Amino acid sequence: MADQKIMVIDDEKIVGDMARLALEQDGFNVETFLNAEPALERLKNERFDVVVTDLKMKGIDGMEVLRTVKRLYPETKVIMITAFANLDAAIEALRGDVHDFFPKPVKIKELKASIQRALAK
Amino acid sequence: MRKVFSRIISFLRRSKGPAPEATPFATAFKYFKEVLENNNRALEIIADFGDKLGGEYLFDINYIKSAYSDLAGTVYGSIQDFDLLTQNRYPRLRGAFSRIDEHIKTLIYDVTPSRAEMVLDYKDITWNMFREVGGKNAALAEMKNYLKLNVPDAFAVTTHAFDEFMKHNGLQDEIERLRAGVDDEDEALARLRGSILGGEIPPDLATALESAVERIRETFGRDCFLAVRSSAEEEDGDFSFAGQFDTVLNVPAAGREVGEAYKKVLGSLFSVNAVAYQKMHGYRPGDNKMAAGCLVMVDAAKSGVIYSVAPNGDKDVLVINAAWGLGTSVVEGQTDADMYMVKKDAEPVIVGRRYGKKDSMVVARETGGVEKVEAPEDSGEVSCLPDDEVRALAGLAAHIEKHFRRPQDIEWAIDKSGKIYILQSRPLRVSEAAEKTAVVREGAAGARAVLMQDKGVVVQKGVGGGRVFVARHPGELDKFPKGSVLVAKYDSSNFVRIMPYVSAIITDTGTPTSHMASLCREFRVPTVVNTGEATTLLQHGQEVTLKADDDGAVVYDGIAKELIEQAVGNSMKMEELFEFRKRRYVLRYISILNLVDPLLDDFTPEGCKTMHDILRFIHEKSVGELVDRARYGSDMAKRHMAIRLDLPIPTGIVVVDIGGGLAGGRKSGSAKREDITSVPLSAIIGGMLHPGVWQSHAVSLNANDFLSSMMRMPDITTDGKDYAGYNVAVASGEYVNLSIRFGYHFNMLDCYCSENARNNHVYFRFVGGATDMVKRSRRIELIGTVLREYGFNIVTKGDLIIGRLANISRGDLERLLDKLGRLVAYTRQLDAVLNDDASVEEYAKNFIEGRYTF
Chain A
1 MADQKIMVID DEKIVGDMAR LALEQDGFNV ETFLNAEPAL ERLKNERFDV
51 VVTDLKMKGI DGMEVLRTVK RLYPETKVIM ITAFANLDAA IEALRGDVHD
101 FFPKPVKIKE LKASIQRALA K
Chain B
1001 MRKVFSRIIS FLRRSKGPAP EATPFATAFK YFKEVLENNN RALEIIADFG
1051 DKLGGEYLFD INYIKSAYSD LAGTVYGSIQ DFDLLTQNRY PRLRGAFSRI
1101 DEHIKTLIYD VTPSRAEMVL DYKDITWNMF REVGGKNAAL AEMKNYLKLN
1151 VPDAFAVTTH AFDEFMKHNG LQDEIERLRA GVDDEDEALA RLRGSILGGE
1201 IPPDLATALE SAVERIRETF GRDCFLAVRS SAEEEDGDFS FAGQFDTVLN
1251 VPAAGREVGE AYKKVLGSLF SVNAVAYQKM HGYRPGDNKM AAGCLVMVDA
1301 AKSGVIYSVA PNGDKDVLVI NAAWGLGTSV VEGQTDADMY MVKKDAEPVI
1351 VGRRYGKKDS MVVARETGGV EKVEAPEDSG EVSCLPDDEV RALAGLAAHI
1401 EKHFRRPQDI EWAIDKSGKI YILQSRPLRV SEAAEKTAVV REGAAGARAV
1451 LMQDKGVVVQ KGVGGGRVFV ARHPGELDKF PKGSVLVAKY DSSNFVRIMP
1501 YVSAIITDTG TPTSHMASLC REFRVPTVVN TGEATTLLQH GQEVTLKADD
1551 DGAVVYDGIA KELIEQAVGN SMKMEELFEF RKRRYVLRYI SILNLVDPLL
1601 DDFTPEGCKT MHDILRFIHE KSVGELVDRA RYGSDMAKRH MAIRLDLPIP
1651 TGIVVVDIGG GLAGGRKSGS AKREDITSVP LSAIIGGMLH PGVWQSHAVS
1701 LNANDFLSSM MRMPDITTDG KDYAGYNVAV ASGEYVNLSI RFGYHFNMLD
1751 CYCSENARNN HVYFRFVGGA TDMVKRSRRI ELIGTVLREY GFNIVTKGDL
1801 IIGRLANISR GDLERLLDKL GRLVAYTRQL DAVLNDDASV EEYAKNFIEG
1851 RYTF
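Protein sequence lines correspond, in order, to chains A and B. So in this note's numbering, spot 24 of the first sequence is number 24, and the numbers just go up one at a time. So in this note's numbering, spot 165 of the second sequence is number 1165, and the numbers just go up one at a time.
Take the hints with a grain of salt, since some may be wrong.
Keeping only pairs whose Cα atoms sit at most 25 Å apart, straight-line, the calculated DMTMM-like set for lysine to aspartate or glutamate is [stated by the list, open to error]:
1. A:K56 <-> B:D1388
2. A:K56 <-> B:E1056
3. A:K112 <-> B:D1549
4. A:K107 <-> B:D1550
5. B:K1144 <-> B:E1056
6. A:K107 <-> B:E1389
7. A:K112 <-> B:E1579
8. B:K1315 <-> B:D1345
9. B:K1672 <-> B:D1550
10. B:K1052 <-> A:D11
11. B:K1344 <-> B:D1387
12. A:K13 <-> B:E1842
13. A:K56 <-> B:E1579
14. B:K1419 <-> B:E1389
15. B:K1845 <-> B:E1755
16. B:K1148 <-> B:E1185
17. A:K5 <-> B:E1056
18. B:K1289 <-> B:D1387
19. B:K1279 <-> A:E64
20. A:K5 <-> B:E1579
21. A:K112 <-> B:E1389
22. B:K1279 <-> A:E75
23. B:K1123 <-> B:D1070
24. B:K1279 <-> A:D49
25. A:K13 <-> B:D1388
In silico negatives: residues of chain B with every beta carbon more than 12 Å from chain A [stated by the list, open to error]:
26. G1055
27. L1058
28. G1282
Every beta carbon over 12 Å from chain B, so not counted as near; a handful from chain A, in silico [said to hold, decoys possible]:
29. R20
30. Q25
31. E31
32. K56
33. L87
34. D88
35. I91
36. E92
37. D97
38. K109
39. Q116
Hints are computed from structural coordinates only; laboratory data are not their basis. Quick caveat, the model's predicted, so the values are computed rather than measured. Glycine included, each C-beta is placed from N, C-alpha and C at the ideal position.
Produce the complete structure using the sequences and hints provided.
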């Protein structure tokens, strides 16, 4: 699993820190970003298997991350997490081919299971 | 004795005096129920909060903000209902709420508190104050205050003082710049250190330091010296920061000198090495604030370091290093020290030793400061420590390790009189290699016998093992051996006393939102409640391991070391994240319970330090309020419609139905046993009617008894017509307050018994009695024995006894009320037969075992 790469984008450090720790325990290669610009920059040079992104962020938001990822790498799965869970956002994300959508707080076990499903497809 | 009599008489008078009923009881009862509802909702939010911040969820500050605003609103609602119920009897509770609310908002919104201490004496520091005083101070104060170890007298200069110092000298912008990133960081750091060393101590801080130093000088004389040591917020927590910050030894105890040393310590937070080390662990400059500890210098003849586990990971062996003089030489590896290996048995066994050359030593100079000098010539050939000192140090180290539940790195010194001092204790990082072997051994638990499975509700996940200690009542906790597994019938917030030492908790009854449950989450004690039969399945003294996770709880026979080590390894990982710890810190003002005992002086609004404390205060005082009001039951009976209970025994009980207490809502006449729809009243009456408990023949009083009864109760004896007239039950479907006066005893039972265990309480009060003082105290002892057996918390004052119990399921409570009903009937004339101390035990045993004849 060490060659499988996961990107986590969230403007709060704690989310990235915790996700990295949890996912690295399972042997993933994890990179975290506090905002979307450098993350998208990184994506230009590197393909990730799964991108976990916050929806609401200053500057580029999660929907734009989703669109960019899908344009660059249609096979990369995107998991959206958000503190502001609402139906509209979820529907829009689903239309944009999001793999999964979680309201925060996200149970780490469930996030891991979702990542496993994403990788199995 | 006179005093006791007059108190009891005034108590009884009070109990039948005019009722100060501004609001009718039914209205008060409505407020009471609203308080319960709000309290429950708040406790659920607190439980959820702890769960979400427990390391198994990704959460962000938005969650914390919204969950907290929900909680604050609910607690506030509870206070409003409480004020209505008590008619604003506790106006200071709102002040407590505001104070705690401000603390929490300070943490959540990262704003500076309006008021905080700059200097704190060690005696005022508790284990959870590492944000205020830094890790080193918090650990030392804990060992001094709680473990009563010999830690030098000291005071802490807080992180708040650090903030003030930086603000006063305009250095906060510097830190912001460093956080944003600068081109030449080394130079920027050097500049910042220079500004700190040349900075001015803020006047408030200077004054506080002066008076703290003066207090030390008053005790230790004008010529005493201090060690001024770093105690960064995160130091000695999960990362040791060993050797990263400065310590200034042998500082003359004077405000100016201490101030200078303090600045040196502050500056060391920004040394190039310290900043690099912090970065490695995810801290940016300014994440970590610097507090300092000022400890009275020990005139050390020898000192050194203990690793409570061997560096090769052998957890059964500890290592002591020792050299002559001050510890600096050992800590910094400047001298070839002695080394002793000790096996950690109940009686420590020295299993290896090696004498170092110890050719130099560091000593304190008479004028202040320290110097390195040559050691006496023969010092290399003799052991620094005689065997008894090695064993004494080993015993202390094992004790400290057990307390902090992790391997420890301990600094110690022995002064010229042979007294041992502990100067520091911090977590020792066990090597990765040692941790991994623990994981490989997993699976061995599969071979262990399962003692209990698929029972109860997991309150806190984790694994813990040790010897079973079955506690029948809170008093027994005094004998609780550290590291044991607590098994109890009921859950109780009294368990807080042993929380730092308990390996796991298993109870027969209880709920995941009880006070105890939130304590378990706070202390991360693996806990399962409501197992139904843990106290029967698990034997006192038996070695067991509890494994509690998403799949439920399993109790294995024996101590499954492999499971325990693995679990510790996993749960420690999230704790290593600074952001995680920082966010979790808010729980210290939310879920910790400090108000444990309603009888202690600090059970006041001022004593409330957390939201949980406020809820506890409200619940306790609300029950008290209800009890107080219902005590005027006889008065209510006159003004309300009172229904006489027609029972086969002459109890003379009348019922004031405040809603759902009697079938058909009858308003006059009499009611039969089967008409009682109040769950708790029905259970109590059931007990009173139990065959054999109602002694129908009168037990003769001797002359002495008769005389004392005449002296004490004129107002009652003249009224006494066949017990009738005073026995009033104020009842609703889920509640009863029963006041009963049988002859010379006054008995009160107040109980709320609903489907929600969290809401339920029972309050049992017994006073008076027509016999001499000796017999009366025997009766109190007997009632106490019985109530303790049922898990009550008890208090006695003279011949008044009060028992309380809360958070108990409806079924258990009904069974208990049945027993209490029997007790009420049984004790009617009991004191007349309690002729010697041995009979107390005998009759108590008889009662508990169901033999009711005298």
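Structure-based check of all given hints:
1. A:K56 <-> B:D1388: violated (65 Å)
2. A:K56 <-> B:E1056: Holds, at about 22 Å.
3. A:K112 <-> B:D1549: Cα-Cα ~17 Å, so holds.
4. A:K107 <-> B:D1550: Given pair A:K107, B:D1550 holds - Cα atoms ~12 Å apart, limit 25 Å.
5. B:K1144 <-> B:E1056: Violated, because 34 Å separates the two Cα atoms, which is more than 25 Å.
6. A:K107 <-> B:E1389: violated (51 Å)
7. A:K112 <-> B:E1579: Cα-Cα ~21 Å, so holds.
8. B:K1315 <-> B:D1345: holds (11 Å)
9. B:K1672 <-> B:D1550: Given pair B:K1672, B:D1550 is violated - Cα atoms ~49 Å apart, limit 25 Å.
10. B:K1052 <-> A:D11: Answer holds: B:K1052 to A:D11 is near 19 Å, not above 25 Å.
11. B:K1344 <-> B:D1387: holds (14 Å)
12. A:K13 <-> B:E1842: violated (66 Å)
13. A:K56 <-> B:E1579: Holds: A:K56 and B:E1579 sit about 20 Å apart, inside 25 Å.
14. B:K1419 <-> B:E1389: Holds, at roughly 10 Å.
15. B:K1845 <-> B:E1755: violated (32 Å)
16. B:K1148 <-> B:E1185: violated (44 Å)
17. A:K5 <-> B:E1056: At roughly 22 Å apart (the allowed maximum being 25 Å), B:E1056 and A:K5 satisfy the hint.
18. B:K1289 <-> B:D1387: violated (41 Å)
19. B:K1279 <-> A:E64: violated (32 Å)
20. A:K5 <-> B:E1579: holds (24 Å)
21. A:K112 <-> B:E1389: violated (52 Å)
22. B:K1279 <-> A:E75: violated (36 Å)
23. B:K1123 <-> B:D1070: Roughly 35 Å separates the two Cα atoms, so the pair is violated.
24. B:K1279 <-> A:D49: violated (29 Å)
25. A:K13 <-> B:D1388: Given that 25 Å is the threshold and the Cα spacing comes to 51 Å, the pair is violated.
26. G1055: It is violated; B:G1055 is separated from chain A by about 8 Å at its closest Cβ, not greater than 12 Å.
27. L1058: violated (5 Å)
28. G1282: Given a closest Cβ separation of 7 Å, the condition is violated.
29. R20: With a cut-off of 12 Å, A:R20 comes too close to chain B, as the shortest Cβ separation is near 9 Å.
30. Q25: Answer for A:Q25: violated, closest chain B Cβ roughly 7 Å.
31. E31: With a cut-off of 12 Å, A:E31 remains clear of chain B, as the shortest Cβ separation is near 15 Å.
32. K56: violated (9 Å)
33. L87: Holds, since 18 Å exceeds 12 Å.
34. D88: Check passes; 18 Å lies beyond 12 Å.
35. I91: Correct as stated: the minimum Cβ-Cβ distance to chain B is 21 Å, above 12 Å.
36. E92: Since the minimum Cβ distance to chain B is about 20 Å, A:E92 lies beyond 12 Å and the statement holds.
37. D97: holds (23 Å)
38. K109: A:K109 not clear of chain B: closest Cβ-Cβ about 7 Å, inside 12 Å.
39. Q116: holds (16 Å)
Hint compliance for this structure: hints 1, 5, 6, 9, 12, 15, 16, 18, 19, 21, 22, 23, 24, 25, 26, 27, 28, 29, 30, 32 and 38 are not met, and every other hint is.
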